[in-house]
Amino acid sequence: MVRLILEEGGKRRAFKLHAGRLTIGSGQDCTLTLTASDVAEVHAELEVAPEGILLVPRPGVVPPTVLGRPVTRPTKLSRNAEFRIGAAVFRLAADEPDGPAASAVRSAAGDRLAARTARRSAQRAGVERARAPHQVKRGLPVWAILLIFVALVPIAYVVARGWAGQMSDASYNPHERLRVATVEFEGRAIKRAEDELKNVDLTLAPELKPQVDELRRKIAAAKAEAEVDAWNIHGTKVFDTQIEGFVKKRLLGDNVPRERARVFIKRCEDFKKKWPQHPKIEWINRYQARYASIAKMEEPPTFTDVAYEVETLTWAKPRYYDQAFALLDDFERNASPQDYDACVALRDEMVREREEYFIDRMQQAKWHWERGQKNKDSTELGRSVEVLVQIIIWIGDADMAAKAAKELVHLESIDEWLRGYQKDLPEKFELLIRQPEVRDLALSLKLL
Numbered sequence: 013m014v015r016l017i018l019e020e021g022g023k024r025r026a027f028k029l030h031a032g033r034l035t036i037g038s039g040q041d042c043t044l045t046l047t048a049s050d051v052a053e054v055h056a057e058l059e060v061a062p063e064g065i066l067l068v069p070r071p072g073v074v075p076p077t078v079l080g081r082p083v084t085r086p087t088k089l090s091r092n093a094e095f096r097i098g099a100a101v102f103r104l105a106a107d108e109p110d111g112p113a114a115s116a117v118r119s120a121a122g123d124r125l126a127a128r129t130a131r132r133s134a135q136r137a138g139v140e141r142a143r144a145p146h147q148v149k150r151g152l153p154v155w156a157i158l159l160i161f162v163a164l165v166p167i168a169y170v171v172a173r174g175w176a177g178q179m180s181d182a183s184y185n186p187h188e189r190l191r192v193a194t195v196e197f198e199g200r201a202i203k204r205a206e207d208e209l210k211n212v213d214l215t216l217a218p219e220l221k222p223q224v225d226e227l228r229r230k231i232a233a234a235k236a237e238a239e240v241d242a243w244n245i246h247g248t249k250v251f252d253t254q255i256e257g258f259v260k261k262r263l264l265g266d267n268v269p270r271e272r273a274r275v276f277i278k279r280c281e282d283f284k285k286k287w288p289q290h291p292k293i294e295w296i297n298r299y300q301a302r303y304a305s306i307a308k309m310e311e312p313p314t315f316t317d318v319a320y321e322v323e324t325l326t327w328a329k330p331r332y333y334d335q336a337f338a339l340l341d342d343f344e345r346n347a348s349p350q351d352y353d354a355c356v357a358l359r360d361e362m363v364r365e366r367e368e369y370f371i372d373r374m375q376q377a378k379w380h381w382e383r384g385q386k387n388k389d390s391t392e393l394g395r396s397v398e399v400l401v402q403i404i405i406w407i408g409d410a411d412m413a414a415k416a417a418k419e420l421v422h423l424e425s426i427d428e429w430l431r432g433y434q435k436d437l438p439e440k441f442e443l444l445i446r447q448p449e450v451r452d453l454a455l456s457l458k459l460l
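Note that our numbering gives residue 63 to position 51 of the sequence shown, counting from 1, and the numbers run on in steps of one.
I should point out that these hints are in silico values taken from the structure, not numbers from a laboratory. Any given hint could turn out to be false.
[Unchecked claim] SDA-like mimics (lysine to any residue), calculated; alpha carbons at most 25 angstroms apart, straight line:
#: 1; residue 1: LYS308; residue 2: LEU263
#: 2; residue 1: LYS415; residue 2: TYR369
#: 3; residue 1: LYS230; residue 2: ASP207
#: 4; residue 1: LYS88; residue 2: ILE277
#: 5; residue 1: LYS440; residue 2: GLU398
#: 6; residue 1: LYS292; residue 2: LEU460
#: 7; residue 1: LYS329; residue 2: PRO71
#: 8; residue 1: LYS285; residue 2: ASN267
#: 9; residue 1: LYS329; residue 2: ASN267
#: 10; residue 1: LYS378; residue 2: ARG359
#: 11; residue 1: LYS28; residue 2: LEU89
#: 12; residue 1: LYS210; residue 2: LEU263
#: 13; residue 1: LYS249; residue 2: LYS418
#: 14; residue 1: LYS418; residue 2: LEU460
#: 15; residue 1: LYS308; residue 2: ILE293
#: 16; residue 1: LYS203; residue 2: ILE231
#: 17; residue 1: LYS260; residue 2: ALA236
#: 18; residue 1: LYS285; residue 2: VAL78
#: 19; residue 1: LYS285; residue 2: SER305
#: 20; residue 1: LYS210; residue 2: VAL195
#: 21; residue 1: LYS285; residue 2: HIS246
#: 22; residue 1: LYS285; residue 2: LEU339
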C-alpha cells in the first residue's frame with residue numbers, strides 16, 4: 013500500500029492510494045481539492061494501478077513539476093517520488109504494513125510499553141513509602157509575593173521587547189527573504205518564489221534592488237514560458253490527430269488528390285496562427301511546402317474541393333457544422349448551375365445529418381450528467397458540460413444552440429464550470445458567451 017502525503021499552506025495531509033483514478037485541482041468535485049490560486053479546476057490526475065502510479069497533467073494548465081522539471085505528458089512516478097502542483101507539494105511513501113505480522117509487532121510493542129510503565133510505577137511507589145514524613149513549612153507572606161511581582165514586571169517588559177525586536181529583525185531580514193525566493197525559483201516553485209519576493213523590503217536594504225529586479229524578470233519569463241508550454245500541450249494533441257494523423261491516413265502515395273492537399277494546407281495555416289511557438293512548426297512548414305504545388309491555393313476551389321472539406325469537418329466529434337455550412341454559402345454565390353444544384357443536394361443531406369447529430373448529442377449530454385450525479389463522478393459531469401458547449405459553439409443553427417444553452421445554464425453548479433472555462437479554456441469561453449443565455453449568466457456572475 014502506498015500513501016500520498018500532501019503539504020499545502022502549512023498543513024499536512026496523508027491519504028492511502030487505492031487502485032483507480034483520482035483528480036487533483038481547485039474544483040470542489042476533485043478527489044483532492046487544493047486552495048492555491050494558480051491551480052486549475054481540474055489540474056491533473058493520478059492513475060493508480062498494480063504496475064505503478066501515473067501522473068497525468070490536464071491540457072492547458074501550468075505543468076506540474078517532478079524533481080523540479082515541468083511535465084506535460086503522462087509520467088510514471090517512482091516509489092518515493094515528489095511532485096508539485098502550484099504551491100502544493102506531494103510525496104509518495106510506503107504505507108505501514110497491515111496483516112497478522114504487523115499486528116503482532118504492534119502488540120509486542122504495546123506489551124513492552126506496559127511492562128516499562130508498571131516497573132516505573134512500582135519504583136515510584138517504593139520511593140514514596142521510603143520517604144520520611146515531613147513537616148509542612150509556611151511560605152512567604154502574601155505582601156512579600158506581591159512586592160516581588162511588582163518589581164519583576166518592568167524587567168520582564170524590557171526583556172520581552174528586546175526579544176521581540178530580535179525575532180522581528182530575523183523574520184523580516186530582506187537578505188534572507190531574497191535568498192529563500194531565489195531557492196524557490198531555482199526549484200521551479202515559481203508561485204512561492206513570487207510570494208517570497210513580495211516580502212523583500214527594499215527600504216531596509218536598497219542595495220538589493222538590482223537583484224530583486226533581476227529575479228522578478230526571471231519569474232515573469234518563467235511564467236510566460238509556462239503559459240506557452242501549457243498552451244502547446246493542447247497544440248500537440250491537435251498536431252497528432254489533425255496534422256500528422258491526416259498525413260499518415262490521407263496523403264500517402266505519389267498521386268495525392270488536390271482536395272486533400274488543400275485541406276492539409278488550411279489545417280497547417282490554422283495551426284501556425286494558434287500555436288506559433290510550437291516545437292513542430294518546422295515540421296509543418298516542411299510538409300506544407302511539399303504539398304503546396306498540389307493544393308494550388310491561389311486557384312478558386314471546385315465543388316469537389318468544397319465537398320471533401322465539408323466531409324472532413326463533419327466526419328468526427330465534435331462536428332463543425334457552422335464552418336461546413338459557411339463553406340457552402342461562399343461557394344454557392346459564384347457557382348455554376350450544375351455546381352449550384354450539387355450544393356443544394358449536399359446542403360439538404362447535411363441538414364438531415366445535423367438534426368440526427370443534435371438529437372443524439374443532447375441525449376448523450378443527459379446520460380453523462382445523470383451518470384455523473386449517480387456515481388458522484390466529476391469526469392462524467394464534465395463530459396456532459398463539454399457536449400453541450402460543443403453544440404452551442406459549432407452546431408451552426410440558432411434554435412439548436414439556444415436549446416443546448418438552456419440546458420447548460422440550468423445544470424447544477426454550472427457557475428463553477430463556467431468559471432473554469434473562462435480560466436482554463438478562454439478561447440471556448442469567448443465563443444460560448446456569444447449565446448445570449450450563457451452571456452446573461454456570465455454577466456450575473458460578474459465574469460464580464
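Right, here's what the structure says about each hint:
Taken as a hint, the LYS308 and LEU263 pair is honoured in the structure, with Cα atoms around 16 angstroms apart against an allowance of 25 angstroms. Between LYS415 and TYR369 the CA atoms are separated by roughly 14 angstroms; this keeps the pair inside 25 angstroms, and the hint holds. Taking the CA atoms of LYS230 and ASP207, the gap is near 14 angstroms; set against the 25 angstroms cutoff, the hint holds. Taking the CA atoms of LYS88 and ILE277, the gap is near 37 angstroms; set against the 25 angstroms cutoff, the hint is violated.
Restraint check: the Cα-Cα separation between LYS440 and GLU398 comes to about 10 angstroms, which is no more than 25 angstroms; the hinted pair holds. For the suggested pair LYS292 and LEU460, the alpha carbons sit about 35 angstroms apart, so the restraint of at most 25 angstroms is broken. A distance of roughly 18 angstroms separates the Cα atoms of LYS329 and PRO71; the hinted pair therefore holds under the 25 angstroms criterion. Under the criterion of a C-alpha separation no larger than 25 angstroms, the hint pairing LYS285 with ASN267 is inconsistent with the structure, at around 29 angstroms.
The hinted pair formed by LYS329 and ASN267 fails the criterion: a straight-line CA distance of about 29 angstroms is larger than 25 angstroms. With a CA separation close to 29 angstroms, the supplied pair LYS378 and ARG359 exceeds the 25 angstroms bound. For the proposed pair LYS28 and LEU89, the alpha carbon gap of about 16 angstroms is at most 25 angstroms, so the pair holds. Only pairs whose Cα atoms come within 25 angstroms are accepted, and LYS210 paired with LEU263 is rejected, the gap being roughly 55 angstroms.
In summary, the hint linking LYS249 to LYS418 is not supported, as the alpha carbons are separated by about 31 angstroms, beyond the 25 angstroms threshold. With a C-alpha separation of about 19 angstroms, the suggested pair LYS418 and LEU460 falls inside the 25 angstroms cut-off, and the hint holds. For the hint linking LYS308 to ILE293, the alpha-carbon distance of about 21 angstroms falls within 25 angstroms, and the restraint holds. With a C-alpha separation of about 9 angstroms, the suggested pair LYS203 and ILE231 falls inside the 25 angstroms cut-off, and the hint holds.
Only pairs whose Cα atoms come within 25 angstroms are accepted, and LYS260 paired with ALA236 is rejected, the gap being roughly 34 angstroms. Between LYS285 and VAL78, the direct Cα distance comes to roughly 31 angstroms. Violation of the 25 angstroms bound is thereby established for this hinted pair. Taking the CA atoms of LYS285 and SER305, the gap is near 22 angstroms; set against the 25 angstroms cutoff, the hint holds. Distance check on the hinted pair: LYS210 and VAL195 sit about 15 angstroms apart at the alpha-carbon level, within 25 angstroms; holds.
Simply put, LYS285 and HIS246 have alpha-carbon atoms about 14 angstroms apart, close enough for the 25 angstroms limit, and the pair holds. A hinted pair counts as satisfied when its Cα atoms are at most 25 angstroms apart, and LYS285 with LEU339 qualifies at roughly 20 angstroms.
Hint violations for this structure: numbers 4, 6, 8, 9, 10, 12, 13, 17, 18, all remaining hints satisfied.
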